[in-house]
Amino acid sequence: MNDNEEYDVEETPESVEMAELLRNLPDVAMPEAVWNRLATALSAEAAPTVAAITAAPSARRRRWLPGAAVAGVAIVATAVILPTMINTGANVADGPKETSAAVSLEPVTLDLVPARHVVATGTDYDEVGLPNQVGGLLNRVGMDSPAKMIAAANPEPPTPIAKSGSAPDMTTDITALHDCLVALAGDHNLPPALVVDRATFKGGPAAVVVFLHTFDKSEQGPPDTVDVVVINPPCTEQDRKDAMRMTFEVSRVTQ
Amino acid sequence: MAPDERSDAELLAAHVDGDPLAFTELVRRHKDRLWSVAMRTVGDPEEASDALQDALISAYRRAETFRGDSAVTTWLHRIVVNAALDRMRRRAVRPWVPLPNEGDGEGVGDRSLLADRRALTDPHDAMTARELSMEIDQALAMLPPDQRAAIVLVDIEGWSVDEAARMLECPPGTVKSRCFRGRAKLAQTLAHLRNPDSNRIVTLHDDLGGEQ
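Here the protein sequences line up with chains A and B, keeping their order. Sequential numbering of the first sequence, starting at 1, is according to my numbering. Sequential numbering of the second sequence, starting at 1001, is according to my numbering.
Simulated from the structure, these hints should not be mistaken for lab results. Don't take each hint at face value.
[What the hints assert, rightly or not] Derived lysine to aspartate or glutamate pairs resembling EDC-like cross-links, with alpha carbons at most 20 Å apart:
1) A:LYS202 to A:ASP169
2) A:LYS202 to B:GLU1005
3) A:LYS241 to A:ASP169
4) B:LYS1031 to B:ASP1137
5) B:LYS1176 to A:GLU20
6) B:LYS1031 to A:GLU32
7) B:LYS1176 to A:GLU11
8) B:LYS1031 to B:ASP1050
9) A:LYS202 to A:ASP124
10) A:LYS202 to A:GLU32
11) B:LYS1031 to B:GLU1005
12) B:LYS1031 to A:ASP27
13) B:LYS1031 to B:ASP1054
14) B:LYS1031 to B:ASP1004
15) B:LYS1031 to B:GLU1046
16) B:LYS1031 to B:ASP1008
17) B:LYS1031 to B:ASP1044
18) A:LYS241 to A:ASP179
19) B:LYS1031 to B:GLU1010
20) B:LYS1176 to B:ASP1162
21) B:LYS1031 to B:GLU1047
22) A:LYS202 to B:ASP1004
23) A:LYS202 to A:ASP126
24) A:LYS202 to A:ASP242
25) B:LYS1176 to A:GLU17
26) B:LYS1031 to A:GLU45
27) B:LYS1031 to A:ASP126
28) A:LYS202 to B:GLU1025
[What the hints assert, rightly or not] Listed next, with one range per pair, are the computed distances between beta-carbon atoms:
29) B:THR1065 to A:ALA176: 48 to 54 Å
30) A:PRO26 to B:SER1160: 17 to 23 Å
31) B:SER1007 to A:ASP179: 46 to 52 Å
32) B:GLU1010 to A:GLU20: 31 to 37 Å
33) B:ARG1089 to A:GLU32: 28 to 34 Å
34) A:GLU11 to B:GLU1131: 24 to 30 Å
35) B:ARG1090 to A:GLU20: 29 to 35 Å
36) B:GLU1169 to A:GLU32: 28 to 34 Å
37) B:ARG1089 to A:LYS241: 45 to 51 Å
For glycine and all other residues, C-beta sits at the position ideal for the given N, C-alpha and C.
Turn these sequences into a full structure, and let the hints steer you where they fit.
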């Protein structure tokens, strides 16, 4: 009897009994690791249309620093020499929909800060949406292609840092931001940051910092990558130890 | 973050319109069912994970082809189960093991096999629901892929024969026959679960002490 043959089946008691047994089988819950991998892959699909971030080949076995339960996200993209002056976050391109309302940006002070942009998007980051959210952030600050990231290496006049009503920390205070980024760079051997976003991570206060990591203009070169670091805004020594760090590949498609 | 209250169809439409988070939310909503289908069809976690990713990336890219003539979940299940079957056919990662009576038409539905005296004398004490579920999954993994997929969709996930036929792109009668033959083989494989006192195979319901 051919399996593909269409014919009427006369149910037997055993068949009915087995069907009942099978009907009571519970769903198998998707393991967290599988979901993270899947969500990263889906986010990577979205990335070329909204920003320059795609999941790195290592996404399946994602690397996390110890203490990943930090209540903040810092994204760092490093490559060439980056400017040490802060730029405005106000003249930004349209990014993807944020998960919460963006915070208005107000000038606070002008100073030399080792970050290209400091913004307060109001985004609530999480591990699963991170690639997409980072893509949106880079879009927002006009760095929607590797070429523009490289261009960000050119010094520009310093611009204001976002103001906040909360207690001073690296997302609200120039000195604190400076000290934190210098310490982060020292801790992880990173260059100055491209973008700092005062935001939340799974609902808790967080700073998202983006460093350009590897950039090679040759076709045969290694993939361009960015590092993502999540850090609690007070940026204490312990916060830096607990910071979460991810690596993504910057898609050449957007160039 | 507040749960997204958009319907499945609205999420898919939003994805097509460029919402970068909508599709992930749609998948998140149904991830356990989709995983169950992939896992039970493929029978191997790594392969199931790969099949699911292939399927959902494909669905992501061709979402605009969804015409709305079925539920979004039906459409997603169809893509997932076919990706799982394609993967199995291509790579044969878990070749199924034919049962002794495979193909000869005998022994299928043979009550004497179900009444095998290897049956547990007291399955309530000997096996937890989890162990029973695992044993059934293992037996399921021994079925030919097409029979397995039909049983996963109809018997386990509860889709109608007609819906399963649309997903598997075959006539309803074929789905019925695959289910019937697959159940018969499962009954053979799981014959030792039969409780000789009741002459009835132990069920998850029994094992949970009558809960549900």
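Verification of the hints:
Taking the CA atoms of A:LYS202 and A:ASP169, the gap is about 19 Å. The hint holds against a cut of 20 Å. Simply put, A:LYS202 and B:GLU1005 have alpha-carbon atoms about 19 Å apart, close enough for the 20 Å limit, and the pair holds. Among the hinted pairs, A:LYS241 with A:ASP169 is consistent with the structure: their alpha-carbon atoms are about 17 Å apart, no more than 20 Å. The suggested pairing of B:LYS1031 with B:ASP1137 holds, with an alpha-carbon distance near 19 Å, which does not exceed 20 Å.
Distance check on the hinted pair: B:LYS1176 and A:GLU20 sit about 15 Å apart at the alpha-carbon level, within 20 Å; holds. Taken as a hint, the B:LYS1031 and A:GLU32 pair is honoured in the structure, with Cα atoms around 11 Å apart against an allowance of 20 Å. A hinted pair counts as satisfied when its Cα atoms are at most 20 Å apart, and B:LYS1176 with A:GLU11 qualifies at roughly 10 Å. For the proposed pair B:LYS1031 and B:ASP1050, the alpha carbon gap of about 14 Å is at most 20 Å, so the pair holds.
Among the hinted pairs, A:LYS202 with A:ASP124 is consistent with the structure: their alpha-carbon atoms are about 6 Å apart, no more than 20 Å. Distance restraint check for A:LYS202 and A:GLU32: the Cα-Cα separation of roughly 16 Å lies within the 20 Å cut-off, and the hinted pair is therefore satisfied. Restraint check: the Cα-Cα separation between B:LYS1031 and B:GLU1005 comes to about 17 Å, which is no more than 20 Å; the hinted pair holds. Using a Cα cut-off of 20 Å, the hinted pair B:LYS1031 and A:ASP27 holds, with the two alpha carbons roughly 10 Å apart.
For the proposed pair B:LYS1031 and B:ASP1054, the alpha carbon gap of about 14 Å is at most 20 Å, so the pair holds. This hinted pair checks out: B:LYS1031 and B:ASP1004 have alpha carbons roughly 15 Å apart, not beyond 20 Å. Of the pairs offered as hints, the one joining B:LYS1031 and B:GLU1046 holds, with about 16 Å between alpha carbons and a cut-off of 20 Å not exceeded. With a C-alpha separation of about 13 Å, the suggested pair B:LYS1031 and B:ASP1008 falls inside the 20 Å cut-off, and the hint holds.
A threshold of 20 Å between alpha carbons decides the hint, and for B:LYS1031 with B:ASP1044 the separation of about 17 Å falls inside it, so the pair holds. Between the alpha carbons of A:LYS241 and A:ASP179 the distance comes to roughly 15 Å, so the proposed pair stays at or under 20 Å and holds. The straight-line distance between the Cα atoms of B:LYS1031 and B:GLU1010 is roughly 18 Å, inside the 20 Å bound, and the hint therefore holds. With a C-alpha separation of about 10 Å, the suggested pairing of B:LYS1176 with B:ASP1162 holds against the 20 Å cut-off.
In summary, the hint linking B:LYS1031 to B:GLU1047 is supported, as the alpha carbons are separated by about 16 Å, within the 20 Å threshold. About 16 Å separates the Cα atoms of A:LYS202 and B:ASP1004, which keeps this hinted pair within 20 Å; it holds. Restraint check for A:LYS202 and A:ASP126: the C-alpha separation of about 6 Å stays at or below 20 Å, so the hint holds. Between the alpha carbons of A:LYS202 and A:ASP242 the distance comes to roughly 16 Å, so the proposed pair stays at or under 20 Å and holds.
For the hint pairing B:LYS1176 with A:GLU17, the CA-to-CA distance comes to about 15 Å; that is within 20 Å, so the pair holds. At most 20 Å may separate the alpha-carbon atoms for a hinted pair to count; B:LYS1031 and A:GLU45 meet this at roughly 18 Å. Annotation: proposed proximity of B:LYS1031 to A:ASP126 holds, straight-line Cα distance about 18 Å (limit 20 Å). Distance check on the hinted pair: A:LYS202 and B:GLU1025 sit about 16 Å apart at the alpha-carbon level, within 20 Å; holds.
Roughly 51 Å separates the CB atoms of B:THR1065 and A:ALA176, a value that falls within the hinted 48 to 54 Å. At about 21 Å, the beta-carbon gap between A:PRO26 and B:SER1160 stays in the expected band of 17 to 23 Å. Evaluation of the 46 to 52 Å hint for B:SER1007 and A:ASP179 yields a pass: the beta carbon distance comes to about 48 Å. Restraint check, B:GLU1010 to A:GLU20: a C-beta distance of roughly 36 Å satisfies the suggested window 31 to 37 Å.
Under the hint 28 to 34 Å, the C-beta atoms of B:ARG1089 and A:GLU32, about 29 Å apart, fit the expected range. Here the CB-CB span from A:GLU11 to B:GLU1131 is close to 28 Å, well matched to the stated 24 to 30 Å. In this structure, B:ARG1090 and A:GLU20 meet the distance hint of 29 to 35 Å, their C-beta atoms being roughly 34 Å apart. Taking the beta carbon of each, B:GLU1169 and A:GLU32 are about 33 Å apart, inside 28 to 34 Å as hinted.
Between B:ARG1089 and A:LYS241, the C-beta spacing of about 49 Å keeps the proposed range 45 to 51 Å intact.
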